[in-house]
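2 protein chains.
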Amino acid sequence: MSISATQVKELRDATGAGMMDCKRALVEKDGNFDEAVKYLREKGMAKAAKRAGKTAAEGAVASYIHMGGKIGVLVEVNCETDFVARTETFQDFCKQVAMHIAAAAPEYVTIEEVPEARVSEEKEVLFSQLADSNKPENIKEKIVEGRLAKFYSEICLLEQEWIHDAEVGKVSDAVTAAIAKVGENIIINRFARFQIGG
Amino acid sequence: MSISATQVKELRDATGAGMMDCKRALVEKDGNFDEAVKYLREKGMAKAAKRAGKTAAEGAVASYIHMGGKIGVLVEVNCETDFVARTETFQDFCKQVAMHIAAAAPEYVTIEEVPEARVSEEKEVLFSQLADSNKPENIKEKIVEGRLAKFYSEICLLEQEWIHDAEVGKVSDAVTAAIAKVGENIIINRFARFQIGG
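Protein chains in written order, with the numbering used here: chain A, 1 to 198; chain B, 1 to 198.
With the rest of the complex left out, here is chain A (with noise of 0.2 Å):
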């Protein structure tokens, strides 16, 4: 089995050991990450290894507090080079983000986040309010869609309505704004919303 010099290179960084005992560790097994952090270590060869996902993405991490500390929100908006991260026109946007998922509560970024349970949960409770209907079932589907839409909207980050400027329409707009303005992708990675009591 061949292993490249990038494997090696991440199985260095991870566990901070030697480079022929990383590839020595690869070869072992097969190549698998996994195992070959076990191997080093089991060998005494590796510390703890964080389990640190490897992203590449640049971009802050910002915060707001509200009502002098009762909500707290954390948000990391990822774009592409360090540069723009430090611009005021992003750090601000970061800002924004923050204090928009302060007021309005979501509890995912995006719709494909919202666990399966959850979504078919909320399908059967919108089925049983047009229980009684007299409507026919595409009818009844066309409307558990729409509501459906309606409850994402409410739970999204991306599907919100933007707090800020109801001109600009959904969160997702507003990051669509931002693209245009710092001329990178950018993307709201996760948040965190604690509140005191809530």
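None of these hints come from the bench; they were simulated from the model.
Nothing here was measured: the structure is a model prediction, and the numbers come from that model.
Yeah, the Cβ is synthetic: ideal placement off N, Cα and C, and Gly gets one too.
Just so you know, not all the hints are guaranteed correct.
Simulated restraints, written as ranges between beta carbons of each label pair [unchecked claim]: (1) A:Lys-142 <-> B:Leu-148: 52 to 60 Å; (2) A:Ile-163 <-> B:Gly-68: 22 to 30 Å; (3) B:His-66 <-> A:Asp-165: 43 to 51 Å; (4) B:Val-27 <-> A:Val-168: 16 to 24 Å.
Given the coordinates of chain A, assemble chain B onto it according to the supplied hints.
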């Protein structure tokens, strides 16, 4: 089945439905809160309820942004009264905890939060490291126990060395000191730590 006024109020707060509707839903569902929420929603009498935990605690959310946004921390610290939550002493302590988390990068608050699978994997690695040793089993177990404590002190916030003052000891000791200062119980409830490219 008798339904208490407290139950009715909780359901009302969670759903925004009317008092009598809430009582009827609870009677119908034998006092089961989640079932009652679903019942109200199916009847169209409740909005999509936020899945909010019901914590009565007071406290504050603090944040700390490091290196112009490359690392960000959000932390919720609870105390008993809003009065204490607003004091400078308490707010300063929250800020210090946030800074500590930015620097020391814990993964959990307490030892109890570390997933069982992670602990057993760690134990396996630690025993493997002693495989070639001639020490008796009970000594090996003592060694593994000691190293496991070190592992916890790396990944659990409360077990870490308090970065602001080595003489204080662990973060849990800093919490104890803060409790003595403000005269109320203090609990570090949860945190988020985002790092760009990490």
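For this session: May I ask which of the numbered hints given earlier this structure violates, with the numbers listed in increasing order?
Result: Result: hints 3 and 4 break, sorted rising.
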